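Asker: Note that the protein sequences, when read in sequence, are chains A and B.
Using our numbering, you'd call the opening residue of the first sequence number 257 and step up by one each time.
Using our numbering, you'd call the opening residue of the second sequence number 589 and step up by one each time.
Some hints could be false.
As the list claims (entries may be wrong) - Derived DSSO-like pairs (lysine-lysine); straight-line CA-CA distance at most 27 Å: (1) B:975 with A:482; (2) B:918 with B:628; (3) B:804 with B:773; (4) A:560 with A:379; (5) B:902 with B:628; (6) A:436 with A:295; (7) A:379 with A:436; (8) A:560 with B:974; (9) A:295 with A:307; (10) A:560 with B:975; (11) B:918 with B:902; (12) B:698 with B:771; (13) B:698 with B:745; (14) B:698 with B:804; (15) B:804 with B:745; (16) A:379 with B:974; (17) A:560 with B:937; (18) A:379 with B:975.
What the hints assert, rightly or not - Covered by chain B, according to a simulated footprint, are these stretches of chain A (three or more residues, beta-carbon under 8 Å): (19) 284–292; (20) 315–329; (21) 383–395; (22) 545–553; (23) 556–562.
Bear in mind the hints are in silico, worked out from the structure with no lab data behind them.
None of these values were measured; they are calculated from a predicted model.
Beta carbons: idealized from backbone N, C-alpha and C, even for Gly.
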Amino acid sequence: MTVMRYREAIRAAMMEEMERDSRVFLVGEEVGHYQGAYKVSEGMLERFGEKRVLDAPITESGFTGISIGAAMVGLRPIVEYMTWNFSAVAFDQILNNAAKLRQMSGGQLTVPIVFRAPNASAKQVGSQHSHAMEHFYAHIPGLKVLAPATPADAKGLLKTAIRDDNPVLFMESETLYNIKGEVSDDPDLLVPMGKANIVRPGKDVSIIAWSRMVHVALEAATELAKEGVEAEVIDVRSLRPLDETTLVESVTRTHRAVVAHEGWPYGGVGAEIADRLQRLAFDELDAPILRATTLDVPMPYNAKLEQHVIPGVARVLENVRAVLYRS
Amino acid sequence: MRPAIDTSAYGIHASSTASERPAPSAARNPHDTEAPDVVKVLREGDTLDPTTDPRVAPADVLRLYTAMVRLRLIDERLTALQRQGRVGFHIGSLGEEASILGSAFAMRDKDWIFPCYRELGAALLRGMPLQRYLDHMFGNENDPAKGRQMPDHYSWKAGHIASVSSPIGTQITQAVGFAWGAKIKRDELAVLAYFGDGATSSNEFHNGLNFAGVFKAPVVFLCRNNGWAISVPTERQTGSATFAEKGIAYGIPSVRVDGNDILAVIKVTQDAVARAARGEGPTLIEALTYRMSGHSTSDDPRAYRPEAGLEAWKELDPIARLRRHLAPQKLWTEATDAAIEAELEAELKAAIAVAEATRAPSLDSMFDDVFATPPWHLVEQREALKKGPRPKGH
Ligand SMILES: Cc1ncc(C[n+]2csc(CCOP(=O)(O)OP(=O)(O)O)c2C)c(N)n1
Ligand SMILES: [Mg+2]
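So here's chain B without its partners, still in its complex pose (with noise of 0.2 Å):
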């Protein structure tokens, strides 16, 4: 039987019949995103499927097409810093590139986005700074958090970017509030909240469904299926055959999107905007991509899944994707890459070294905002460790 609900915008999910689904663990298999109810614009033959292709303009791709390259190469930038004790953690996204540019990309400005942990490519793509970012990742005086936070977990409320947090999918509902805050307000925005399979176990994430759903918010839900939870393959973090079918049982329009074909990416996440901006609030979005990586630098993925895997997951490169189609036109040619990671690498370079140079936060500003305004006790403590000893403890 099929639940009373419309899926129209995509036909899909509304079957619960298991002969109708695919094979629980497909999401892990680079070939189902070749099931017929993920959407794809990006086709063999270097053409577009014209009745989902969103019309991205060709500087724009192409601009999309930088940022994913650049994205990659900070990424190994980080990675090897972090290897070689500088700075203290990296969380990268090699190989889901699409799935977070295509997805940020598909957001109007005033649109908010919170992120995961796996999203820099968001933030930068709005234009956070790089400095911004390396100082950061190295918690000096300059680091917008002072210091505070661990690696990667920024902040940019001048983009639209909520705090990255570490404990999983505490961001889900703080989304869902913002959205459906910001709908109370009248603010006309939609608000992009990004996740990974793992995070559809917390809590937070069938809260966050389920408020989003009665209450219609204006939230686009992003879950970047990456087959992986650390160590974890989807297969024993779900008994469902999809994620998409969540949302479903919600009542939110879901769909699933080949993760690493930027355009398709950008097309769903276009719909789901327009959706929240016609005030029919939210969409699920699974994108089925793969962590070609470790979890971060503080994993070695050999150690619990075969390197072979890989292989068939390398053929869906989104980046090599987009250079087959751009090439074609004459949008990409052998030169683009080298002039890409030339300008980046010249940026990279002098920023890395104004970051490294740039000294610790004061001592003085550990005590700022804990509170609004520093009581006593904290003001009593700051001057304390400034003097050193105090006589009565702490």
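Chain A on its own, in the form it takes in the complex (with noise of 0.2 Å):
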């Protein structure tokens, strides 16, 4: 075991398996000589030289329909983007091309790829550079989805992705870049996808989220813990393929559950989450399941308004209370 930021778990994964297969290779823009807009990928153009470490163009459908290509010859490429946001440029490649080569090729084709790059809210970069997308990506089938909270996870699943042959998008957020925890040094150790972890244990209430959203719902479960209130935290990590079992398991035992992620709630995954617990256990549900998510606008800049839609441990606890009616 070894402490580390959650940013050199990544970076350790992509090495480790660079190393272990050479047909893996990463490209985006400023991945090499500026060692990534993040410094994610401090070292690597050093360690692999230019033909593995690719300073892209400007042009994010451009280099993913190249790796797209470059994936389907047998190459197993890890695409960077600066955000997610600037995946939107590229959604056509992902949504057309990555997701259904293998399904409109009648598996002839395959995309073995990952696609990694912060998401969700940052602090104060406004309308356009907010978004969580892995609403709109978790919706495609094809496409797997993971969002890591931990150091830990982010290694093993990154590594899982990058060894898995489907393409598998890759939330990371700039807000959990420096975090440290204690990660495996062994390279072989893997963290499944579509499999949920219960990282604190409770009988009152499920907290369901992923990604920041984790260590929010911790802060709200120990303020929570101060009013008398045991609350389960999940965190989700893969969000397609998705643990329902762990899920329905925890709200069988709690009996209600609040989703708390980022990005807006119509037709979010929490969305999705509130349908499948309903359907699959309905009988056990005391209370409505309710979702804490971003408010149903675009991301402002002003620190003081955007307080106010990002959620916080502020909205978690109000809708725990909800459905523990207790407000």
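Put the two chains together into one complex; each comes in its own frame, and the hints tell you how they fit.
Answerer: Below is the structure:
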């Protein structure tokens, strides 16, 4: 075990997999000489050279399509976007090609590829730089979507993603890059996809979250404990495939659930989870499932407004109290 | 073989033989501005090239000089405010003032400008009040963008300035559509679209030029080739020797200009506007200039480029060059800059104080402008936010 930052864990996963498999390469804007917009790829150009760490011209759709082509010929690209916001420019390649080539070719062509970038709100980056893009992508059959909250999961899940034969979208967070945690040194330790993690057990209410919101949920749980409420916090980690079983079992114990996520409420992954829980655990529920999400407006820049739009501890608490009928 | 297109306006860039081309990466070399195809007006020895001189009235030249000096000082101040944590971000135009102000000056008031993000100077030249800009930089209640956009992402409809948009290149196609739509409506105007060398890699650049070439949209494409796209130098952005030759491929007359020579920038932009007005369609201008500072307040260029390269460009500083032209005519004296600075300082100080003291936009305001009329669910959210906790979640 080594204590490392989230960004270092991601780098370790990429470097170990690149050592292990010469087909793996990294491409993106500023990933080489600049070592990544958030310094995730520090030292990688030096270690692997310009053939395997490529600074791409500014065209997300271009280097996404090029990487899909490279994956089809047998390489295993890791595509970094400066942020997931800019993947919007490449959306067609991801939706219409990465996600569907296997299916459209009847299984003849495959696209083993990882797309990764920081996601969701950062601090005061305004309406065009703050999107929680997992909701868009988790909608699409053929894509897997991961959103780790800790350095250990960041490393283990990214390694799994790189070894996977499907397109995998990996949601990081600018707000998590600096957090530290214990990470395994075993180059073969993989964290499986489709497995949620109960990060804090409790019996009164399930708070279901991923990425940064796991940390917010844990803070909320600490607050709730002071009120005598024992909240169970579940880190979903893998949005697609989804660990339905762990979620249903948790709600079967607690009978109440709040899904806490960044991103707009309308048609998001939280709505998907709420749908599954009400279908699969209807008789266990003592209250409607609520969601603590970003407000349904584009993100403002002004710090005072922004803090009201991004879901925080207060919004999680508010919703937990509502499902407990305490408000 | 030469493509069968008319580039007679400048007689350049029709060449496609490798031997005639400047060496790749030359655009980053200040000496490249000496290449024979690069339009210049300001010459060594403080004379003007009579064949290209746009004959700008002395009062206007002085106004532009003042605007360049002011812009540089405003950049300095905003950078300082960012360092002090008082504004969140700034993206400046150090070294690129002539490319920006010269091109904006050449446009007529009725023309529209679709900025990239480094063209504050164009908005100020059009008369955008400094107070309005600072309100935006602080994202306060008086910010026309209502505190929603990152700093330096202004828009100013009254001054015919479209919105700065973060994703690279988006303004290029929008400018083309605006210009083409105006032509359909018989609004006689042209559109100036600004973008950087990096943006020429975006889809929007190629789509925009292609459409404008086919439909003869009245657009002036102004590529600020400042040598860098954040940390990526031009030679890793394109395999072409110049950016101007990309316009030729789309059937668009294209020209390289010394972007640090404000009179030359005015000349080529005026010619482009005249072409547009004659119904002849778009022009691509590649302005050779240099980003003397970091990309924005978010990066430190020392991490990726040698400081030594800056020295040669300092020799070509656009402000110093215009000053050398103004001084012999007594349009500039030792006192000029100090006077400009003193006047600006008073204005800036007052505007910053007001902007900083102005409160944040109200919480209610966040729900406006998402749709033309707020739908019921936003009205509900707005009321809930004002009242506090909402029983049924968000
Ligand atoms: C679609 C998209 N991808 C990436 C970015 C990040 N980004 C912001 S500015 C920039 C460089 C642009 O360089 P250039 O076009 O040369 O303009 P300059 O900054 O030099 O004026 C990049 C990559 C972005 N804003 N949008
Ligand atoms: Mg540039």
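Asker: Which earlier hints turn out false for this structure, listed by number in ascending order?
Answerer: none
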